[in-house]
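Peer 1: The chain contents come next:
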Amino acid sequence: MARSFTPKVVTANALLEGDVVYLSIDDRWVRDHAQAELLEDEAHATIRLLDASARSDEVVGVYLADARRGPNGPEPVHFREVFRTRGPSNYPHGKQEQV
Amino acid sequence: MYLYNDFDEAFLRERVAQFSAQVARRIDGSLTEEEFKPLRLMNGLYLQLHAYMLRVAIPYGTLNSRQMRQLAMIAERWDKGYGHFTTRQNIQYNWPKLEDVPAMLEALADVGMHAIQTSGNTIRNVTADHFAGASADEVADPRPVAELIRQWSTDHPEFQFLPRKFKVAVTGSPNDRAVTAAHDIGLRILRREGEIGYQVLVGGGLGRTPMIGKVLSEFLPQEDLLPYLEAIVAVYNLLGRRDNKYKARIKITVHETGLDEIRRLVGEEFAARKPLFKGVDQEVLSKIEHSFDSPNYLSIKSDRFDKTYATNPAFRSFVDRNVDKHQREDYAIVSISLKKHGATPGDATAEQMRVMADLAEEFGHDELRISHEQNVILPHIPRAFLPDLYQRLRAADLATANIGLISDIIACPGMDYCALATARSIPVAQEIATHFEALKLEHDIGPLKIKISGCINACGHHHVGHIGILGLDRAGVENYQITLGGTGTEDAVIGERTGPGFAYDQIIPAIERIVKAYLALREGPEESFLDAYRRLGMAPFKHALYPDEAKRDAA
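Order-wise, the sequence lines are chains A and B. Using the working numbering, you'd call the opening residue of the first sequence number 939 and step up by one each time. Using the working numbering, you'd call the opening residue of the second sequence number 23 and step up by one each time.
Treat the hints with care, since some could be wrong.
[Unchecked claim] The calculated lysine-lysine pairs, modelled on PhoX-like cross-linking and capped at a C-alpha distance of 25 angstroms, are:
1. B:Lys347 <-> B:Lys309
2. A:Lys1033 <-> B:Lys102
3. B:Lys329 <-> B:Lys347
4. A:Lys1033 <-> B:Lys119
5. B:Lys119 <-> B:Lys102
6. B:Lys362 <-> B:Lys538
[As the list claims (entries may be wrong)] If you anchor each label on the Cβ, the simulated ranges turn out as follows:
7. B:Glu512 <-> A:Gln1034: 22 to 32 angstroms
8. A:Gln1034 <-> B:Tyr26: 47 to 57 angstroms
9. B:Lys538 <-> A:Ser1027: 19 to 29 angstroms
These are calculated hints, taken from the structure and not from any lab test. Source: prediction; values computed, not measured. Ideal Cβ positions, reconstructed from N, Cα and C, are used throughout, including at glycine.
Put together the whole structure using the sequences plus the hints.
Peer 2: Structure (structure tokens):
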């Protein structure tokens, strides 16, 4: 039996500001996790990762992060990824500042 | 203090120019990240969880007011108005933008500062006792030696690609405040029959495999220091493992090779290198020593200190906790706590940095220090000025009287900032501080060092905390392991793990159980937590920590 694949999003940090970004279905780097493309097929996820990794003049440190379907779009699964959607917990800096 | 000469100045400007061009080439696409990463790391620029982070060296933790004001300016102009002082006496900016970093480095160079060798597999910023040149218990000021090592190691062509990073700490006092035993090389300045020499420790370190440094040389003559250090690093450079990052530090090399064999190899290497040092190093050292001459001390006849101490209980509490004995009777060493209850350990706003700079300039011979415990020190304050200084600190909300107490916590940035972290540290520190403040137990508990790391790399020194906390990721959930009985002083000990870890919302109650067990079991207020632990051992604390297990055992 094929092992089940946990859905993913492609994520990285923006080259200039270092801010966390996600790859959207139309190949844009978006700042909001919910606007990321949810990759539910492993082969497709691998291709998206390869494509994204080639865009090294826009982003740094591209990787696949676990995600799941949510009412408003993809949601992070691991707490590290939850923090990345927000910013630090000691000051209202980072993404939470912009909301 | 040491001021940069023309050589230092030219070297810094050249590095800034080089890095500016490298950043420009990265932004215009001529450099890939793979090519750029080693270049940015050579200049202290990391990519963290939410942003870049610039780590600026504060060699041996010494600053003047002009430098501190420049750090404030940089925080305001290119960051979010604050900086984070670290356990290696550095300052980190958490939000720089890539294109601003060259300007930040230029601004640092304007005051003789830089971010060189604050990262990468090189000899890192040399740390020293933060009471250097001031403390009553000192044999010699460790900073001239630290500065000599800085000059020798900066851009040292042989040591730019070591198997792993390499950290050196120096103390000139028998009371080790520089955690020398937890460094790749720890130097302790000794005096024997009038002669200055060094006890050389090697192979200490925390992280995944914590080890206490071993004595490689009991008493190294002063003039042998640089050739001997060079011999150690050269032996490590060849023997150190490059196949496994986790086994690459010199502590593993020493452990796997054996101390005697390392000593033999270093001895051979030393014999070959010593003739190449023709005394220039000692000439440089003696010049450096003059830049660390004592300030022109003031003699002030005044009873203001005694009067205020007798009549103002808040001042008395501040003096009793935050003021240490100076070499001179009429002077004192003042520690400014960056651990106000609920604040982020080690963080200072630009405004606070300016206040501390002003106070150093007005009251303290223009000197500031950063301690590895993430506080700021004014090393030379006339006792007569203490009442005024205290009032000014109070007005700036910098007079928290908690040095060495349960809220004076070391915490690494953890998963709030660090890309390597496996759990958060800062909120745990904040909650411990506010929790025990609310219980009004802090002063009753007395001296207790809690140290928190957000991953196994142990930047928060948890192994040498009286209570150490290590944040891990256990199956996708934050989990905190506790160690007890560690200490980073001259009798350094690695703490012992209590048992299974605790969830994020259980760690504060767990710490409370340990502390309450201590309060119940101590022989009196004069028996500190560490002393009580040494007398009682782990068992009663384990019993308090895991009550369910204790019940099961009893059944």
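Peer 1: Would you mind confirming whether the straight-line C-alpha gap from lysine 1033 (chain A) to lysine 119 (chain B) stays at or under 25 angstroms?
Peer 2: Satisfied, since the Cα-Cα distance of roughly 15 angstroms is no more than 25 angstroms.
Peer 1: CA of lysine 329 (chain B) to CA of lysine 347 (chain B), is that 25 angstroms or under?
Peer 2: Holds, at about 19 angstroms.
Peer 1: Do the Cβ positions of lysine 538 (chain B) and serine 1027 (chain A) conform to the proposed distance bound of 19 to 29 angstroms?
Peer 2: holds, 27 angstroms
Peer 1: Assess, step by step, whether the Cα of lysine 1033 (chain A) is no farther than 25 angstroms from the Cα of lysine 102 (chain B), and give holds or violated.
Peer 2: The given pair, whose Cα atoms are some 14 angstroms apart, holds under the 25 angstroms limit.
Peer 1: Take the C-alpha atoms of lysine 362 (chain B) and lysine 538 (chain B), compute the straight-line distance between them, and say whether it is at most 25 angstroms.
Peer 2: holds, 23 angstroms
Peer 1: Within 22 to 32 angstroms: is that where the Cβ-Cβ distance between glutamate 512 (chain B) and glutamine 1034 (chain A) falls?
Peer 2: For glutamine 1034 (chain A) against glutamate 512 (chain B), whose Cβ atoms are near 44 angstroms apart, the range 22 to 32 angstroms is violated.
Peer 1: Honestly, do glutamine 1034 (chain A) and tyrosine 26 (chain B) meet the 47 to 57 angstroms range at C-beta?
Peer 2: The hinted range 47 to 57 angstroms is violated for glutamine 1034 (chain A) and tyrosine 26 (chain B), with Cβ atoms some 41 angstroms apart.
Peer 1: Does lysine 119 (chain B) pair with lysine 102 (chain B) here, judged by a C-alpha cut-off of 25 angstroms?
Peer 2: holds, 11 angstroms
Peer 1: Please work out if lysine 347 (chain B) and lysine 309 (chain B) have their alpha carbons no farther apart than 25 angstroms.
Peer 2: violated, 28 angstroms
The earlier numbered hints that this structure contradicts are 1, 7, 8.
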